[in-house]
Structure formats: structure tokens, C-alpha cells
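Whole structure, please, built from the sequences with the hints as guidance.
Line by line, the protein sequences give chains L and E. Following the working numbering, the numbering of the first sequence begins with 1 at its first residue and continues without gaps. Following the working numbering, the numbering of the second sequence begins with 1 at its first residue and continues without gaps.
Some clues are possibly wrong.
Note: identical chains are not told apart, hence a pair may lie in one copy or across any two.
Unchecked claim - The calculated SDA-like cross-link candidates involving lysine to any residue, where the alpha carbons are at most 25 Å apart (straight line), are:
id	residue 1	residue 2
1	K339	Q55
2	K29	R100
3	K33	A285
4	K29	W8
Keep in mind the hints are simulated off the structure, nothing from the lab.
Number of protein chains: 2
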Amino acid sequence: MASAELQWLDGGITAVPGILAGGIVAGIKPSGKKDLALIYSSTPARAAAVFTSNQVKGAPVLVSSEHVRGGQAQAIVASSGCSNVCTGEQGVADAREMTRIVGDLLRIPANHVLVAATGVIGVPLPMNRIRAALPKLAQSLSPQGGRAAAEAIMTTDTHPKEAAVRIEVGGRPVTIGGIAKGVAMLEPHLATMLCFVASDATIARGALAPVLKRAVDRSFNRVTVDSDQSTSDTVVIIANGLAENTPLETGSRGIRQFAAGVEAVTTKLARMLVKDGEGATKLVAVAVRGAANGKDALHAARAVANSPLVKAAINGQDPNWGRIMVAIGKSQAKVDQAKVAIAFDDEPLVTRGMQKEGVRLERIREIMGLPEYQITIDLGLGRGEDRVWTCDLSEEYVRLNSKYTT
Amino acid sequence: MASAELQWLDGGITAVPGILAGGIVAGIKPSGKKDLALIYSSTPARAAAVFTSNQVKGAPVLVSSEHVRGGQAQAIVASSGCSNVCTGEQGVADAREMTRIVGDLLRIPANHVLVAATGVIGVPLPMNRIRAALPKLAQSLSPQGGRAAAEAIMTTDTHPKEAAVRIEVGGRPVTIGGIAKGVAMLEPHLATMLCFVASDATIARGALAPVLKRAVDRSFNRVTVDSDQSTSDTVVIIANGLAENTPLETGSRGIRQFAAGVEAVTTKLARMLVKDGEGATKLVAVAVRGAANGKDALHAARAVANSPLVKAAINGQDPNWGRIMVAIGKSQAKVDQAKVAIAFDDEPLVTRGMQKEGVRLERIREIMGLPEYQITIDLGLGRGEDRVWTCDLSEEYVRLNSKYTT
Chain L
1 MASAELQWLD GGITAVPGIL AGGIVAGIKP SGKKDLALIY SSTPARAAAV
51 FTSNQVKGAP VLVSSEHVRG GQAQAIVASS GCSNVCTGEQ GVADAREMTR
101 IVGDLLRIPA NHVLVAATGV IGVPLPMNRI RAALPKLAQS LSPQGGRAAA
151 EAIMTTDTHP KEAAVRIEVG GRPVTIGGIA KGVAMLEPHL ATMLCFVASD
201 ATIARGALAP VLKRAVDRSF NRVTVDSDQS TSDTVVIIAN GLAENTPLET
251 GSRGIRQFAA GVEAVTTKLA RMLVKDGEGA TKLVAVAVRG AANGKDALHA
301 ARAVANSPLV KAAINGQDPN WGRIMVAIGK SQAKVDQAKV AIAFDDEPLV
351 TRGMQKEGVR LERIREIMGL PEYQITIDLG LGRGEDRVWT CDLSEEYVRL
401 NSKYTT
Chain E
1 MASAELQWLD GGITAVPGIL AGGIVAGIKP SGKKDLALIY SSTPARAAAV
51 FTSNQVKGAP VLVSSEHVRG GQAQAIVASS GCSNVCTGEQ GVADAREMTR
101 IVGDLLRIPA NHVLVAATGV IGVPLPMNRI RAALPKLAQS LSPQGGRAAA
151 EAIMTTDTHP KEAAVRIEVG GRPVTIGGIA KGVAMLEPHL ATMLCFVASD
201 ATIARGALAP VLKRAVDRSF NRVTVDSDQS TSDTVVIIAN GLAENTPLET
251 GSRGIRQFAA GVEAVTTKLA RMLVKDGEGA TKLVAVAVRG AANGKDALHA
301 ARAVANSPLV KAAINGQDPN WGRIMVAIGK SQAKVDQAKV AIAFDDEPLV
351 TRGMQKEGVR LERIREIMGL PEYQITIDLG LGRGEDRVWT CDLSEEYVRL
401 NSKYTT
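Spelled out as C-alpha cells, the structure:
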């Protein structure tokens with residue numbers, strides 16, 4: 001990623017030319033907070049999406065999968081407080097009706113409207129409230145409405161997540177902006193992740209979906225272990241072409257520049273999700289190298305990043321490397337314990353599977369006191385490498401684990 | 001399992017004729033509690049063992065695997081407080097020395113002594129203390145010492161676990177007794193599980209290992225998801241032949257009767273481990289039927305039993321069935337959400353993937369108030385079925401999850 005060409009902007013999805021957004025209180029959430037969001041591109045846009053791989057899928061996922069198949073979308077309507085999952089045929093009818101009403105209000109075809117939802121499972125949407133609120137939502141659309149939309153998709157998030165970047169693509173400025181809502185800490189893959197990205201780039205037919213897939217794989221799929229597993233996870237990208245660049249084709253230099261920008265935005269949003277994990281105070285990169293292959297590196301990194309005992313040790317700033325050994329040993333990655341080396345930032349802690357002689361534990365504890373650092377695990381077997389991000393576990397959870405060193 | 005033929009006895013491993021045991025304070029644990037256990041059969045015994053499948057293995061596991069290969073053992077020495085894992089060649093030498101000293105003290109070959117340990121990883125055993133304590137430990141052996149041995153292997157366990165049963169095998173009484181130590185709740189597979197079982201049955205060469213493997217698979221592997229993953233997990237069975245029955249051959253009616261007895265003991269001990277999970281107040285069986293095959297049934301049952309959000313709902317007595325749907329949907333089992341039915345004991349809650357019309361939620365909440373109950377999930381796809389046991393999550397952990405209904 002050529003970061004020299006990236007210019008971070010304030011704001012999120014409405015930093016993109018031609019993108020309007022809004023977020024209002026429809027009365028879905030008992031708390032009375034914003035719970036209905038709308039994103040609208042003033043011109044038709046290319047669209048691509050990635051959905052949950054959970055076999056139980058929410059009605060909005062079913063309807064949006066169908067609508068995005070044509071590769072075009074101009075609006076995204078999203079609700080929070082009720083996920084419209086396990087609601088049978090009525091749930092699908094409700095999701096369809098939302099796209100139809102939004103289409104009518106914006107004078108676009110219903111199948112150019114995508115729909116998403118997050119919240120309680122098994123409860124029907126309060127459609128009367130939503131029907132009443134949608135006209136008000138359409139009226140709220142504005143070029144400054146990105147933050148309100150980001151707020152209206154929140155559930156356990158403590159703050160809205162926005163990111164926007166300007167890049168050069170073939171000499172022309174292109175903007176990419178997005179919003180996201182997040183993950184609880186304890187079981188990241190059970191909290192719904194929603195992310196909506198927009199750009200003014202002109203993208204050739206068929207070129208947008210691979211860009212999104214790769215960006216999601218390298219961002220959200222590197223922070224949430226067993227990612228895309230909630231019943232409602234949805235990532236959407238729309239590109240409306242207002243930048244008037246030459247259409248970006250798959251395999252071109254331009255699409256690679258654009259992909260780097262998308263990945264920068266999704267990675268920034270993904271890291272925000274980790275940082276906003278319940279009670280999280282640290283953002284830790286778990287980097288594995290020397291694995292037999294790349295897949296093994298990812299397995300090992302995920303096993304460590306997802307270990308509650310490792311995360312508890314990160315919280316307690318306790319260099320309890322035995323927990324890291326246990327995690328990699330139980331992973332699917334090939335491990336020879338006598339070849340494992342572990343370092344925190346640049347400070348070595350373990351060599352040949354044992355605590356390094358003359359280890360500077362005080363220095364390790366200092367590093368563990370930082371808000372961000374990296375744990376590097378060298379398996380000493382090959383050239384495979386990968387990296388995932390994780391956070392620590394909050395004190396309440398730790399209370400159960402930190403008393404006893406396993 | 002013909003339970004009519006099972007007679008539960010008081011006590012544990014020393015309920016078996018010819019089995020002596022003892023447990024003392026060697027000074028390994030900082031707490032000053034018992035931390036060194038010895039089990040001894042007054043006559044040579046057949047032996048079999050099942051060890052952790054973690055690729056990182058403790059030195060005692062390496063030495064015991066070697067010693068049990070001959071199929072004979074007469075003593076088991078086990079320490080708690082220090083696991084002797086990730087301790088390199090010195091760790092293996094220490095484990096070997098323990099078997100040699102115990103062999104000398106009991107006048108049996110060192111390779112008829114098995115060794116096990118649980119506790120902190122990466123720290124060498126305090127061998128001076130252990131050398132000093134072993135003669136005292138050998139002197140403490142007694143036919144009443146089973147409880148002391150059960151205490152001496154505890155780590156986070158709140159009480160010792162013992163079980164013993166008398167069965168008839170070919171018309172002769174046979175006794176089977178065991179002790180075990182347990183699992184923390186939050187990440188069961190990261191706490192070491194040790195279980196030692198003894199019997200006075202006479203077993204033919206090669207017939208004991210399959211009995212143990214099956215009993216472990218149907219007991220410990222049904223309570224600890226991703227079981228046998230700690231670096232030190234060890235289950236040993238010895239059978240000394242003092243019952244003077246006709247040697248039990250693989251495939252015989254007698255070995256099936258014996259296997260049922262062993263499974264009864266290991267299942268009782270396994271359920272004790274679940275009940276003693278940190279802060280656990282409930283023992284819940286998760287039964288899956290109607291799966292495409294047996295493997296799918298086990299995948300689905302484990303996914304539910306291991307879901308922190310399901311376990312939090314069990315603690316809060318909250319019929320949050322959406323979390324069960326999410327768990328089975330993300331499992332490797334084939335799921336068609338429109339065919340799923342869920343019941344708590346005999347009370348139906350979900351049919352065709354949705355909340356049953358006229359559901360009696362008050363009755364469900366009553367069942368969830370019981371100390372033990374069963375969640376039955378019918379996938380409606382085939383004839384595969386399986387069952388695992390789980391416990392609830394303690395209040396501190398729940399505080400983070402129970403506020404928000406996913």
C-alpha cells in the first residue's frame with residue numbers, strides 16, 4: 001500500500017462527492033437513540049457486498065444478496081435494535097417493503113436499494129414505526145449526514161466509526177469514505193458488523209467485487225476471529241463515478257491504487273472496532289512468521305489473538321508466554337515447540353520454546369504497558385506469515401482468569 | 001449402559017482392592033496446600049492412557065507416553081502447582097528422575113511408574129523439594145489415601161473429585177474407582193484435566209486401551225469442547241487383576257460390562273468437573289438430534305455448549321434462543337434454519353426456525369431455574385444425534401454480556 005499517496009480526510013461516508021446520508025430515531029431501540037440510517041448516492045452507482053457466512057441468515061441479508069446481484073445500487077437503509085433474523089417469511093416481506101418504500105421516496109428501483117439490520121434476533125421489525133419514519137429519514141439526507149448515519153447503526157459501540165481518504169488514481173483525485181459498527185469483545189463474531197463504504201471512483205463492470213472481497217479479507221477478517229459469522233454481517237461498497245476517471249478495470253494499475261485506498265479505509269474502521277471492544281484498553285498486533293505456510297501463520301495468529309487467557313494476560317501486562325505456547329499448540333498450524341521464538345515489539349522473550357536466558361522481563365512489562373504493541377511469534381519452520389489484531393479483556397472478565405497462572 | 005448392575009460406592013480410587021494412595025505438601029504450591037500425589041497398585045497392573053493432543057506437550061506427558069507403551073504400570077506420581085511444560089531437556093530429565101525415585105522407593109521398575117503434572121507453564125519443577133518429599137509421600141500410601149491424592153492434584157478446583165462403582169463381570173464383582181481434577185469455566189480446554197482410574201479387573205493384553213479411549217470420548221470429550229487441548233491433559237487407567245475374573249478379551253460380553261463401568265466412573269467425574277466450573281451454578285445437557293449425521297450432531301452440540309452468549313443466557317435464565325440459532329448456524333454442521341426446533345426439557349420453544357406460536361415462556365423460565373436440565377435441538381435433517389454437557393457463566397462474566405440481547 002503506497003501510503004504516501006493517501007490523504008486522510010475528516011468525516012466518513014459523506015466526505016465522498018454525491019453521497020448523502022441521514023440517521024434518525026424511529027423508535028426501534030427502547031433507549032430512544034437513533035436507530036434508522038440511510039445512505040444515498042445522487043447518481044446510480046456500481047455496488048458490491050460481502051455478507052455473513054453463517055448458515056442462519058437475517059432477512060435483510062437475503063434481500064440485499066438478491067438486490068446486489070445486478071451490481072448496481074443507489075441507496076442503503078439500515079436499522080439497529082432489531083436484526084430481523086429468524087423471523088420467517090414475514091421478515092423477508094418486511095425487508096422487501098423497506099427497500100420498496102425507500103425506492104419510492106428516492107424515485108429509484110427497489111432493487112437498487114440495499115437493506116441491513118442489527119439487534120435482537122427472533123423479533124419482527126416494528127414496521128408501523130419504520131413506515132412512519134422512512135419519509136422523515138429521506139428528508140434528513142444531507143452531505144453532512146454521515147455522522148448521523150454512523151450513530152444510527154450503533155448497538156454496543158461506544159462511539160460512531162467513520163473514515164475517509166483521498167487518493168490519486170491515474171492522476172485524478174478519488175475519495176473513499178465509510179462508516180462501520182462494531183463488535184463486542186468477548187465473542188467478536190457474535191456481534192453484528194456492518195460497514196458501508198462509498199467512493200466517487202468510476203469502476204468497470206465486475207471490478208468492484210474483488211476489490212471489496214480482498215479489502216474485507218485483509219481488514220475485518222484480520223480482527224475478528226472466525227469473522228463474518230453473525231447472522232447479519234454486511235459490508236457494502238458503492239462507487240458512483242463522479243470523479244470521472246477512466247473506468248478502472250480489473251488488473252489495471254488504477255484499480256490497484258483504488259484497492260489500496262479501500263483497504264486503508266476498511267483497515268482503519270476495523271482497528272476502530274477492536275479498540276472499541278467492551279472495556280478494551282489495548283490494540284495488539286499478533287504477527288506470526290516462520291510458519292510452514294501462510295494458512296498456518298493465520299491459524300496460529302488467530303489462535304493467539306482469540307485466546308481469552310492471552311487477552312487476560314495482555315490486560316494484566318503479565319508476560320505469561322506459556323499461554324501463547326498453549327494457543328499455538330492447539331491451533332491447526334504445524335508447531336515444533338523446540339523451534340518457537342516469541343518477542344514483544346523488538347524484545348525477545350522466548351527462544352527454542354523456552355524462556356530466553358537473560359530475558360529482560362522489566363522491558364517486556366514496559367512494552368505491555370503501551371497502548372499499542374506487537375507480539376511476534378516465529379515458528380521457525382518456513383516462510384509463512386500473517387498478522388491479526390486483538391484487544392485485551394476488561395477487568396471484570398479478567399478477575400476470573402488473572403488470579404491463577406495456568 | 002446397564003445401570004441396574006452398577007452399584008455406586010463411597011470414595012474413589014482406593015475403593016479398589018490392592019490400590020493405595022497418598023497426597024502430601026511438598027512445597028510446590030505457594031499456598032502451602034497438598035501438591036504431590038501417589039497412586040500405587042500392590043500388584044503389577046495393565047495400564048493404558050490418553051494424553052493431550054496439543055502439539056506443545058509437557059515433559060511428564062512425553063515420559064508417561066513412553067512408559068505406558070509397554071502396557072504395564074504400577075504407580076502414578078502427580079504434582080500440582082507447576083506443570084513442567086516448556087522446560088526443555090531439563091524438564092524431561094526431572095520427570096524421568098521422579099519416576100526413578102518412585103520406582104526405587106516402591107521397588108518397581110522406573111518404567112512402571114507414570115508421571116503427571118498441572119500448574120504454571122515455563123517454570124522448572126522445584127526438584128529439591130520434590131526429592132525431599134517423595135520418601136514421605138511413599139510412606140503416606142494407604143488404602144484410605146484416595147481423598148488425599150484427589151486433593152493433591154487440585155488447582156482451581158473447589159473440591160476433590162472421586163467416584164467408585166462395583167459391577168458384575170461374568171458373575172464376579174469388579175470395582176472401578178477414580179479421581180480427577182478439573183477445568184476452569186471460561187476456556188475449559190486451557191485448564192489441565194487429570195484423571196486416574198483403577199480397577200481390580202483382570203484384562204487381557206491389548207483390551208484396556210480401547211476401553212479407556214471410548215470412555216474418555218464419551219465422557220471428558222463430551223464436556224470439554226476441543227477437549228484434550230491443554231499441554232498436560234492425562235487420563236490413566238490401571239487394572240491389577242485382584243478380582244481374579246477370567247481375563248476380559250476385546251469383543252467379549254465381559255469387556256463390554258467392564259467398559260460400561262469405566263464409562264460410568266469417567267462420566268460421573270466429567271460431570272463433576274463441569275459443575276465445578278468457576279462460578280457455575282447449572283449443569284445443562286445440550287442434545288442435538290435430526291442432524292445429517294453423528295459428526296454434525298456433535299459439531300452443533302459443541303458450538304452451543306461452548307457459546308459464551310448461550311452460557312450467559314443460561315445463567316440469566318433468559319430464553320434467548322436466537323443465540324442458539326447463531327451458534328448452530330456458525331458450526332460446521334449442516335443447518336437449514338427453517339427446519340430447526342428447540343425445546344427445553346419437554347417444553348417446545350422454537351419450531352421451523354421461529355418462536356413457536358403460543359410458546360409458554362413462563363414454563364421455559366421455570367425449567368431454566370432448575371439446577372439441571374436439557375436443551376434439545378432438532379435439526380430436522382437426518383438421524384444423527386449426540387449430547388454434550390455445559391455449565392453457565394458466572395455473574396462477573398455475564399455482566400458484560402447479559403445487558404444486551406444480541
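Hints, one by one, checked against the model:
1. Proximity of K339 and Q55 under a CA criterion of 25 Å is satisfied inter-copy only: 12 Å between copies versus 39 Å inside one chain copy.
2. Within a single copy, K29 and R100 get their C-alpha atoms as close as 23 Å, which meets the 25 Å cut-off; across copies the closest is 68 Å, which misses it.
3. For a Cα distance limit of 25 Å, the shortest separation of K33 from A285 qualifies neither inside one copy, at 34 Å, nor across copies, at 39 Å.
4. In this homomeric assembly, K29 and W8 never come within 25 Å of each other (Cα to Cα): the closest approach is 33 Å inside a single copy and 54 Å across copies.
Violated hints for the displayed structure, listed by number in ascending order: 3, 4.
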